[in-house]
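There are 2 protein chains.
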Amino acid sequence: MTVTAPQGFRAAGVAAGLKSTGAPDVALVVNDGPDDAAAAVFTTNRFPAAPVLWSRQVLADHRLRAVVLNSGGANACTGPEGFADTHTTAEHVAAELGIGAVDVAVASTGLIGMRLPMDTLLAGVGAAVAVLSADGGPDAARAIMTTDSVPKTTVQTGNGWTIGGMAKGAGMLAPSLATMLVVLTTDAVVPADVLQPALRAATSVSVERVDSDGCLSTNDTVIVLANGASGVTPSAEEFTAALTAAATDLAMQLLADAEGSTKDIAITVRNAASVADAVTAGRACARNNLLKTALFGNDPNWGRVLAAIGTTDAAFEPDQVDVTINGVTVCRAGAIGDPREGVDLSGRAITIDVDLRAGGEQATIWTNDLSLAYVHENSAYST
Amino acid sequence: MTVTAPQGFRAAGVAAGLKSTGAPDVALVVNDGPDDAAAAVFTTNRFPAAPVLWSRQVLADHRLRAVVLNSGGANACTGPEGFADTHTTAEHVAAELGIGAVDVAVASTGLIGMRLPMDTLLAGVGAAVAVLSADGGPDAARAIMTTDSVPKTTVQTGNGWTIGGMAKGAGMLAPSLATMLVVLTTDAVVPADVLQPALRAATSVSVERVDSDGCLSTNDTVIVLANGASGVTPSAEEFTAALTAAATDLAMQLLADAEGSTKDIAITVRNAASVADAVTAGRACARNNLLKTALFGNDPNWGRVLAAIGTTDAAFEPDQVDVTINGVTVCRAGAIGDPREGVDLSGRAITIDVDLRAGGEQATIWTNDLSLAYVHENSAYST
Numbered sequence: 001m002t003v004t005a006p007q008g009f010r011a012a013g014v015a016a017g018l019k020s021t022g023a024p025d026v027a028l029v030v031n032d033g034p035d036d037a038a039a040a041v042f043t044t045n046r047f048p049a050a051p052v053l054w055s056r057q058v059l060a061d062h063r064l065r066a067v068v069l070n071s072g073g074a075n076a077c078t079g080p081e082g083f084a085d086t087h088t089t090a091e092h093v094a095a096e097l098g099i100g101a102v103d104v105a106v107a108s109t110g111l112i113g114m115r116l117p118m119d120t121l122l123a124g125v126g127a128a129v130a131v132l133s134a135d136g137g138p139d140a141a142r143a144i145m146t147t148d149s150v151p152k153t154t155v156q157t158g159n160g161w162t163i164g165g166m167a168k169g170a171g172m173l174a175p176s177l178a179t180m181l182v183v184l185t186t187d188a189v190v191p192a193d194v195l196q197p198a199l200r201a202a203t204s205v206s207v208e209r210v211d212s213d214g215c216l217s218t219n220d221t222v223i224v225l226a227n228g229a230s231g232v233t234p235s236a237e238e239f240t241a242a243l244t245a246a247a248t249d250l251a252m253q254l255l256a257d258a259e260g261s262t263k264d265i266a267i268t269v270r271n272a273a274s275v276a277d278a279v280t281a282g283r284a285c286a287r288n289n290l291l292k293t294a295l296f297g298n299d300p301n302w303g304r305v306l307a308a309i310g311t312t313d314a315a316f317e318p319d320q321v322d323v324t325i326n327g328v329t330v331c332r333a334g335a336i337g338d339p340r341e342g343v344d345l346s347g348r349a350i351t352i353d354v355d356l357r358a359g360g361e362q363a364t365i366w367t368n369d370l371s372l373a374y375v376h377e378n379s380a381y382s383t
Numbered sequence: 001m002t003v004t005a006p007q008g009f010r011a012a013g014v015a016a017g018l019k020s021t022g023a024p025d026v027a028l029v030v031n032d033g034p035d036d037a038a039a040a041v042f043t044t045n046r047f048p049a050a051p052v053l054w055s056r057q058v059l060a061d062h063r064l065r066a067v068v069l070n071s072g073g074a075n076a077c078t079g080p081e082g083f084a085d086t087h088t089t090a091e092h093v094a095a096e097l098g099i100g101a102v103d104v105a106v107a108s109t110g111l112i113g114m115r116l117p118m119d120t121l122l123a124g125v126g127a128a129v130a131v132l133s134a135d136g137g138p139d140a141a142r143a144i145m146t147t148d149s150v151p152k153t154t155v156q157t158g159n160g161w162t163i164g165g166m167a168k169g170a171g172m173l174a175p176s177l178a179t180m181l182v183v184l185t186t187d188a189v190v191p192a193d194v195l196q197p198a199l200r201a202a203t204s205v206s207v208e209r210v211d212s213d214g215c216l217s218t219n220d221t222v223i224v225l226a227n228g229a230s231g232v233t234p235s236a237e238e239f240t241a242a243l244t245a246a247a248t249d250l251a252m253q254l255l256a257d258a259e260g261s262t263k264d265i266a267i268t269v270r271n272a273a274s275v276a277d278a279v280t281a282g283r284a285c286a287r288n289n290l291l292k293t294a295l296f297g298n299d300p301n302w303g304r305v306l307a308a309i310g311t312t313d314a315a316f317e318p319d320q321v322d323v324t325i326n327g328v329t330v331c332r333a334g335a336i337g338d339p340r341e342g343v344d345l346s347g348r349a350i351t352i353d354v355d356l357r358a359g360g361e362q363a364t365i366w367t368n369d370l371s372l373a374y375v376h377e378n379s380a381y382s383t
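Heads up: the protein sequence lines correspond to chains S and C, in order.
Take the first sequence: its position 244, counted from the start at 1, is 244 in the UniProt record's numbering, and no numbers get skipped.
Take the second sequence: its position 125, counted from the start at 1, is 125 in the UniProt record's numbering, and no numbers get skipped.
Simulated from the structure, these hints should not be mistaken for lab results.
Glycine included, each C-beta is placed from N, C-alpha and C at the ideal position.
Treat the hints with care, since some could be wrong.
Unchecked claim - From chain S, some residues computed to sit far from chain C (all C-beta separations above 12 Å): (1) 100; (2) 194; (3) 284; (4) 308; (5) 317; (6) 353.
Claimed, not checked - Just the calculated beta-carbon pair ranges, DEER-fashion: (7) C:332 <-> S:204: 35 to 41 Å; (8) S:319 <-> C:357: 23 to 29 Å; (9) C:191 <-> S:349: 20 to 26 Å; (10) S:95 <-> C:341: 33 to 39 Å; (11) C:342 <-> S:319: 51 to 57 Å; (12) S:329 <-> C:17: 26 to 32 Å; (13) C:20 <-> S:197: 39 to 45 Å; (14) S:319 <-> C:91: 21 to 27 Å; (15) S:319 <-> C:380: 29 to 35 Å; (16) S:115 <-> C:20: 55 to 61 Å; (17) C:232 <-> S:319: 42 to 48 Å; (18) C:332 <-> S:56: 50 to 56 Å.
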């Protein structure tokens, strides 16, 4: 049921014609209250798309009644005209629903640098409003797909309340062309001053640590809506834990469906001097094309792990670092460890464990391999 | 004639058997004086290979008589035993030549994390000494090749003096598995206190700005030897300019031979607030897999250029940035410019011009596309 699993939400997904394939491309999520608390995190890219600029603005008061999403065009790098298009879209949604445009967030995904065909989009919005339903979550989840092969959805159940969610994308809060869009809904009673830190905490250890190809989209958006329809007020800790579970569930689905990937790789950096150091070292591995191609080739090339973390400023001594790949400590004290022939990389799941012996902190970064299919898909996308 | 083009240098390249293919794999360059000035720059990777540790040490006095290089094994991440192997190699060269080991630099390239077969290597060193010749430059250039398809050499002629050089690698001072090794020689009279800044200046705008795949090797080494055999003392400016020309010539050859590449891409960032900003923005493009795959697919996807520089902290306003690809200004003021259909990407050479409108500095970064062949070669390398 995705975003319509909690009480008091309706959703829809329709084919407006933005995609040449005729697949669904406009989604709408409506919060019927009673509360309208909302929070969001957005891409840190310095070329934020028009819908990101708009949504950031309307979320300043931490209240939302609706989110409209489209695939088939990112509306990024489209200048003032593109911003006007987003504004018009929000106004249209608001008019159809009898609410204010300032209560409508917009999210878009697709090719950068193209205007959206507004007649097509607005007609799609009207069609979506017409079929809004408390069973519409699955349709909405399908309408935001681009290169995704399956819809990504989650439901987490609290004590008398529920969190629902949908996502699209083949990456992270720094994904691929396949911008990551996530909408989370809950019928728990969660005031805005709890909701925003909860979302920040949930995303920081989930979607923000998925680094499929190191490329930060102009459109990434994660929005959570809380309507209090259940009447139940969970503790901040309880709610944050459930929201983190929902975001992590979606993140793992993004990872598993990353464009052209053949491996899901979890890189855990242990005994780091700080979480930041662990993230930095893990991310350096996740972004190292030589390591990613080696793993695609089932080659436990631990030298490329060291070469990657050797480019960072994380605290460690080169002759203290151990690397374990799928359970085999192939590198010990920065030098040759157990035979690499013992490492079985034939499955999809790969774990890389880097022990820095420099402190007590750790972090896991999730990534994919760099495959022939990745190159193929991303060289053929816009043409 | 490569490294033996200047007077007073001998070289050799032999097949010792380090490579299973039987191709040449040990090179030796000897400076017969009268001077023995030398300078070097090395990888900044924090896991420097044993030969890098050794050579950095022996170059502390800025004097060298010989450089021994091997392909077929990087001797990186091999611990104290690997360092002892490098030391033994230098001692062996020194004994054969009747000089001190402290006058012998060592450079290695190949797979990380494997000990070198020392009997094979030392026998090869002996064989190389036996065939040292003033015509040996081309043999030496061939013996340092790994995945290189052609040897890379250069000769620059001054007024009565000459610079010769050879290089291997498919990248930069941060290349691919194909570590970059460069040896430059000159018979100009160049004291060490001129030679080191000249080399630093030459490499900073040439090999250090080639960023083929963003991966920094553990073994990168650039060494220059100056023996004064010509008796001519060029000005520091004159010598630096010629050395820069030699390093740039080699850098462009590395770029053209990068593993699996189909495009040579020059990214020039203009009107930056600083050279550092221009380099940062250019490098972000050079390391963006989505942009690199798009260019492989002949797609002038300027949105990916903006998305890449949007991840940096370079000074610019998003609505001021222009992007010109192969002469067509496809992005103007951060938004849609001339039609992308006008861009012809069918050739190997691609120029991307980013105008930040934030100052008066500029820099060019050279890179390659991300091709199916890159993934294929690098997933199949060590297995």
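Results for each hint:
1. Every beta carbon of chain C lies more than 12 Å from that of residue 100 (chain S), the smallest distance being close to 27 Å; the non-interface claim holds.
2. Every beta carbon of chain C lies more than 12 Å from that of residue 194 (chain S), the smallest distance being close to 31 Å; the non-interface claim holds.
3. Listed as a non-interface residue, residue 284 (chain S) fails to keep its Cβ farther than 12 Å from every Cβ of chain C; the least gap is roughly 10 Å.
4. Its beta-carbon lying about 8 Å from the closest one in chain C, residue 308 (chain S) breaks the requirement of being farther than 12 Å from that chain.
5. Against the 12 Å criterion, residue 317 (chain S) falls within the reach of chain C, whose nearest CB is about 9 Å from its own CB.
6. Remark: the non-interface label on residue 353 (chain S) is consistent with the geometry, its nearest Cβ contact in chain C lying 16 Å away (cut-off 12 Å).
7. The hinted window of 35 to 41 Å between residue 332 (chain C) and residue 204 (chain S) holds, with their beta carbons roughly 37 Å apart.
8. Evaluation of the 23 to 29 Å hint for residue 319 (chain S) and residue 357 (chain C) yields a failure: the beta carbon distance comes to about 48 Å.
9. For residue 191 (chain C) and residue 349 (chain S), the hinted distance range of 20 to 26 Å is not satisfied, since their beta carbons lie about 58 Å from each other.
10. At roughly 37 Å, the beta-carbon separation of residue 95 (chain S) and residue 341 (chain C) lies within the given 33 to 39 Å, and the hint holds.
11. Taken as a hint, the range 51 to 57 Å holds for the pair residue 342 (chain C) and residue 319 (chain S), whose Cβ atoms sit roughly 55 Å apart.
12. Between residue 329 (chain S) and residue 17 (chain C) the beta carbon distance is about 31 Å. The supplied range of 26 to 32 Å therefore holds.
13. Here the CB-CB span from residue 20 (chain C) to residue 197 (chain S) is close to 58 Å, at odds with the stated 39 to 45 Å.
14. Taken as a hint, the range 21 to 27 Å holds for the pair residue 319 (chain S) and residue 91 (chain C), whose Cβ atoms sit roughly 23 Å apart.
15. At about 31 Å, the beta-carbon gap between residue 319 (chain S) and residue 380 (chain C) stays in the expected band of 29 to 35 Å.
16. In this structure, residue 115 (chain S) and residue 20 (chain C) meet the distance hint of 55 to 61 Å, their C-beta atoms being roughly 57 Å apart.
17. In this structure the supplied range 42 to 48 Å holds for residue 232 (chain C) paired with residue 319 (chain S), their Cβ-Cβ distance being about 46 Å.
18. Taking 50 to 56 Å as the suggested C-beta distance range, the pair residue 332 (chain C) and residue 56 (chain S) does not conform, at roughly 25 Å.
Hint compliance for this structure: hints 3, 4, 5, 8, 9, 13 and 18 are not met, and every other hint is.
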